[in-house]
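> These are the residues of each chain, in order.
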Amino acid sequence: MDQAVLVIGAGIAGIQTSIDLAQMGFQVYLVERTPSIGGRMAQLDKTFPTNDCAICILAPKMIECARHENVHLLTYSEILSTEGQIGNFHVRVRKKPRYVDIERCTGCSECVEKCPRRVPDEFNVELSRRRAIYLPFPQAVPRVMTIDADYCLYLTDLEKDRCRLCEDVCQAGAIDWEQQEEILELNVGAIIVATGFDPYDVSKLGEYGFNSIPNVITSLQYERLISASGPTSGELKRQSDGEHPHTIAFIQCVGSRDVNYNPFCSSVCCMFATKEAILANEHNPELKSYIFYTDLRAGGKRFQEYITRAREDYQVTYIRGRPGTIGEDPDTGNPIVRYEDTITRLVQEMEVDLVVLCQALVPRHGSETLAEGLGVRMDEHGFVVIPERLSKPVDTSVPGIFACGYCQSPQDIPDSVTQASGVAARVAELLLRV
Amino acid sequence: MSEIRVGVFVCHCGTNIGGVVDIPTVVEYTRMLPNVAHAEDNLYSCSEEGLSSLKQSIHEHHLNRVIVASCTPRTHEPLFKDACEEAGLNRYLFEFVNIREHCSWIHSRVGEEATEKAKRLIRMGVAKACLLEPQEEAESRVIPAVLVIGGGVAGMTAALNLARQGFQVHLVEKEAQLGGRLLRINRLCPTDEKAFDLIGPIVQEVEEHEQIILHLSATVSEASGYVGNFQITVAADDGERLFDVGTIVVATGADVLQPVGMYGYGQFPNVLTQLELEDRLKTEPPVIEGAVLINCAGSRIPERPYCSRVCCMTSLKNATQLKKLNPDAHIYVLHRDLLTYGVEFERYYRKAMKDGVRFLRYDLEHPPQVVGDGRVESVVVWDALRGRELHLPVDLVVLTTPLVPNSDYETISRLFKVPLGESGFFLEAHVKLRPVEFATDGVYVCGTARWPANVSESISQAYAASSKASIPMRAGMVTAEAITAFSDPVLCTGCGTCVITCPYNAIELQTLEDGRRVAQVNMVQCKGCGSCVAACPNGAMQQRGFTDQQILRMLEVCASG
Amino acid sequence: MDDQIFHPRIIAFCCNWCSYAGADLAGVSRLQIPPDFHVIRVMCSARVAPEWVIKALSNGIDGVMVLGCHIGDCHYIDGNHRTAKRFALLRGMLDYVGINSDRLLVDWISASEGSKFQRLVTEFVERVRELGPVDDKPNVR
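Protein chains in written order, with our numbering: chain A, 1 to 434; chain B, 1 to 561; chain C, 1 to 141.
Read the hints as simulated data drawn from the structure, not as lab findings. There could be a bad hint or two in this list.
[Claimed, not checked] Distance condition first, Cα-Cα at most 20 Å in a straight line; then the derived EDC-like pairs of lysine to aspartate or glutamate:
hint, chain 1, residue 1, chain 2, residue 2
1, B, Lys323, B, Glu193
2, A, Lys392, B, Asp192
3, B, Lys354, A, Asp258
4, B, Lys351, A, Glu64
5, B, Lys194, A, Glu388
6, C, Lys55, B, Asp197
7, A, Lys392, B, Glu193
8, A, Lys61, B, Glu205
9, C, Lys55, B, Asp548
10, A, Lys392, B, Glu205
11, A, Lys392, B, Glu556
12, B, Lys351, A, Glu380
13, A, Lys392, B, Asp197
14, B, Lys351, A, Asp258
15, A, Lys61, B, Glu437
16, A, Lys114, A, Glu167
17, A, Lys61, B, Asp363
18, B, Lys81, A, Glu64
19, B, Lys417, C, Asp78
20, B, Lys81, A, Glu69
[Said to hold, decoys possible] From the structure, some residues in chain B lie toward chain A, with a derived Cβ separation under 8 Å:
hint, residue
21, Arg164
22, Gln165
23, Phe167
24, Leu198
25, Gly200
26, Asp237
27, Phe359
28, Glu389
29, Leu390
30, Val431
31, Tyr463
32, Ile471
[Claimed, not checked] Residues on chain C that point at chain B, a partial pick, calculated with CB under 10 Å:
hint, residue
33, Ile11
34, Leu25
35, Val39
36, Ile40
37, Ala49
38, Pro50
39, Asp78
40, Met93
Every residue, glycine too, gets a C-beta built ideally from N, C-alpha and C.
Bound-form chain A, shown alone (with noise of 0.2 Å):
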């Protein structure tokens, strides 16, 4: 009987491990909480140092990973509950209902330009709507519809009957009202947790102004203005008054390095300040940037050439200091950055068009649950402990439970894949000898 794995979450990482494993030989129960795999790559517009298109690299290797046939898919899907230990876990898992029947469905998305309602976009970070029934994004692997039942007209208030107009549009008959929600009971020798990370809830931080000042925005809703198949297909603009911005502060360690909110460095925020600050200037070659730094960490490959490129050609300048408080123009709606410099020691003020919140990235809600139900520890934070940080860097605390990516410690993807592929090994060195 062949060796069978759980992988619990399918970003990069999480795909990345899937693969190896299904390639070594073992079957894999890949299982996503969300309609799609894909993961917090798939909102990214470039991936830094090479600004190479985040989704053109990321989706071959979904597309890979999906039709591996040793992969099984298990998106929309969440953990119940697990016992046992390696060798032999039992996990139930249960598989929510789309609505949709995966089998009919071929992804035409008819439905989706007839379905009336209109709901907050979580993939575009709220800053545009989809539809009830929807693909979270147009690369979404499996390529099937979802119908959000929080939504959809029909689903919450199925005596009125109000809508079922996907049903009458789609010629596959891939509605189905009646869609349970699954239990399935899987045996598995090993289980990998791979959840990724959130941004960090900047309102929090009342200085800044996020929600009260339409110009200032976080690093992830910045990913998806730029990309080119984002709300506004890749044009910068003020969501205030649709302007292209001549100016953009990056404030880095917002809410990272920090004790009164998370002590922990994010370790990603100061390449993919540069990055985003990069591609504004190429959109816009008279645009400038100014990135409010503490520390400039730039430790991977190339990544110190690529902080100078930015300085030497595409306008960026660093100012070492961080920001006390973000303040408004009333006129314009232009922000105004309040901060003392630390090298010339000066306090000054400076007025943008438009400020990006470099956020920090915290472990996924909901993973200190997950963790709870696999009996794997978590530290303050909630980032997956690994006992035997130099020795075993990807081994948790339950013998056959391993995570890797950021859930486990930030890091950037080449760090993320690396340790997934790691994983793989481990779990081949342990059960699936040759």
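Once you've looked at the hints, dock chains B and C against the given chain A.
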């Protein structure tokens, strides 16, 4: 040659295509095309019904070429190819025509033109399909043995993991003992555990593992072959050793920069590198009154722009050690940005500050100056954040220097045809998504040979490299999609242009019986880009599935109708 | 269809990994594009032989586009570098043999640039339309 009988399956895709393109007209038109033996339309070609109809029609109409005109091949091509195979037709006799993303969806307001274009695209597809040949995927055996070069923590981790998985491992180490750089390290951060406590047990396990064949005081002198089948020659004390392996892991580590001429190094006896301090801390821990550790000594400068990633933590760790040895000592870390990323490193930094280690920021315009006669007595530093000059009395100055490529890299690069990047470290296949693989199949890299990495990261990378190496070895076989290039030995003049063009080193010049040298493509290494084909000056090189003849015929058809 | 307006016959070579996917995205986004172009898929833009372009433009194809990945993003590492070099050379040759080199366009499109694909094709179709049919020009041999 038997008659070409093409079957064309035109998909409505609900109303996505059918609502714009006049499918019945298209099908009628298609039936009239030369070599088309059968044409039909389906509501959804990719559905169970569509696929069954496809397979059935192949049998009924004795079809030997199949075209599906529907959406994008990037999603469903493998599905249809599988269906053809199930119906007994070689999967390379299938051609996809995109009349949705590239037609109905983008010309939805001009149905007539969209219909004409769909007809033309299908006609082009039929023309190509008539020229398709059945193909067999090239297979190559993979020997279940691996060569690991380097016996440091990365190399040993990879070796042990692969040995435990059940593969035979040849571990080659140039020194007389295993352990690498960690043998000289005192303690490791952020746990402050002794380096020997980590590396000692690993060395022992490697020495005792029956699957691992050790070659100490040895280096790889010759290598040939390709993924699955490499022939290796190792030069050891007792002569040459020859063996064959399926995969190779490069884990040759890195050197530490000697800061000759910097900050009085070599001139004053109390200026050490961090590595030399590690030696001292292990043997004769210094108890000092004052120490200054200067970070970024020789890195993040124009001659060497990169950040060496591991040094800030090394410096913090040693600063903390010195403070432990004498809690009253004045310990300063001079830095130009502190790389204490993540959770544990940031926590360690805070603790170091609480323990009394002082951090001062300097910049390249005002580098620290060492002052002394015979010994360094003080360090003068411009405190950038407070805007004043400080004179720090010291017993010891420690220079935090970067990791640099070691001299073995050039040899390895040449032997295995793997590239070095701008900074001199090995260059992986793709810096984001393939960080431990080389573009050359079957060869992998991990540890500081790839880029400065700490122990935890080196071990992760070693596991990752093992994972990648184990995959072809477990499969026992590598196969390549049959869209590879091939050279006609009659036309080939042996100019070698293709050899240089290939990014994967998949082409070699070989000597025929008649003495002529001609190009030979390794079908397993070839990735099917076709660059060599366009480079070939006399048409000797072609690409299966994308021959000149096929493309030119499509161009003819497009122009004429 | 207005018979007075010249509808050029255009070929767009698209590489499997980037530009073909970019064209797909234009489709998925329902961006409307003039129907005068026909995509031929290749694995890499480096497969596109300059001879194909000459043959095409000499035999009734009014315009040719060669679309690859952005420099640095090539799936086959450096294929698009070669494409860039080859076609820089070809441009000169086209003018030399009397074919207006404006009938050749070489550009880079990533898989997420559906709008760029729309814009490039629409502009190119217009440009070739203004140049007229490739056969008409008396100095084309």
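> Does each hint fit the structure? Answer for all of them.
Status of the hints after comparison with the structure:
1. Lys323/B to Glu193/B: Roughly 17 Å between the alpha carbons, so the hint for Lys323/B and Glu193/B holds.
2. Lys392/A to Asp192/B: At roughly 16 Å apart (the allowed maximum being 20 Å), Asp192/B and Lys392/A satisfy the hint.
3. Lys354/B to Asp258/A: The hint holds at about 16 Å.
4. Lys351/B to Glu64/A: 45 Å, violated
5. Lys194/B to Glu388/A: Satisfied, since the Cα-Cα distance of roughly 13 Å is no more than 20 Å.
6. Lys55/C to Asp197/B: Violated - the C-alpha atoms of Asp197/B and Lys55/C are around 70 Å apart, more than 20 Å.
7. Lys392/A to Glu193/B: This hinted pair holds, its Cα atoms lying about 14 Å apart.
8. Lys61/A to Glu205/B: Violated, because 36 Å separates the two Cα atoms, which is more than 20 Å.
9. Lys55/C to Asp548/B: The hint holds at about 11 Å.
10. Lys392/A to Glu205/B: Since the Cα atoms of Lys392/A and Glu205/B sit roughly 15 Å apart, the hinted pair holds (cutoff 20 Å).
11. Lys392/A to Glu556/B: 61 Å, violated
12. Lys351/B to Glu380/A: 17 Å, holds
13. Lys392/A to Asp197/B: Between Lys392/A and Asp197/B the Cα gap is close to 14 Å, so the pair holds against 20 Å.
14. Lys351/B to Asp258/A: 14 Å, holds
15. Lys61/A to Glu437/B: Holds, at about 15 Å.
16. Lys114/A to Glu167/A: This hinted pair holds, its Cα atoms lying about 10 Å apart.
17. Lys61/A to Asp363/B: With a Cα-Cα distance of about 43 Å, the restraint between Lys61/A and Asp363/B is violated, given a limit of 20 Å.
18. Lys81/B to Glu64/A: 16 Å, holds
19. Lys417/B to Asp78/C: 16 Å, holds
20. Lys81/B to Glu69/A: 15 Å, holds
21. Arg164: Holds - the Cβ of Arg164/B comes within 8 Å of chain A, reaching about 4 Å at its closest.
22. Gln165: Holds. Min distance 5 Å.
23. Phe167: 7 Å, holds
24. Leu198: Holds, about 6 Å.
25. Gly200: 11 Å, violated
26. Asp237: 31 Å, violated
27. Phe359: 10 Å, violated
28. Glu389: Since chain A brings no Cβ nearer than about 15 Å to Glu389/B, farther than 8 Å, the hint is violated.
29. Leu390: Nearest chain A Cβ about 16 Å off; hint violated.
30. Val431: 6 Å, holds
31. Tyr463: 3 Å, holds
32. Ile471: 5 Å, holds
33. Ile11: Interface hint status for Ile11/C: holds (6 Å vs cutoff 10 Å).
34. Leu25: 8 Å, holds
35. Val39: 5 Å, holds
36. Ile40: Holds: closest Cβ of chain B sits about 6 Å from Ile40/C, inside 10 Å.
37. Ala49: Where the cut-off is 10 Å and the nearest Cβ of chain B is about 4 Å from Ala49/C, the hint holds.
38. Pro50: 7 Å, holds
39. Asp78: Interface hint status for Asp78/C: holds (6 Å vs cutoff 10 Å).
40. Met93: Hint violated; Met93/C Cβ to chain B Cβ min 15 Å, cut 10 Å.
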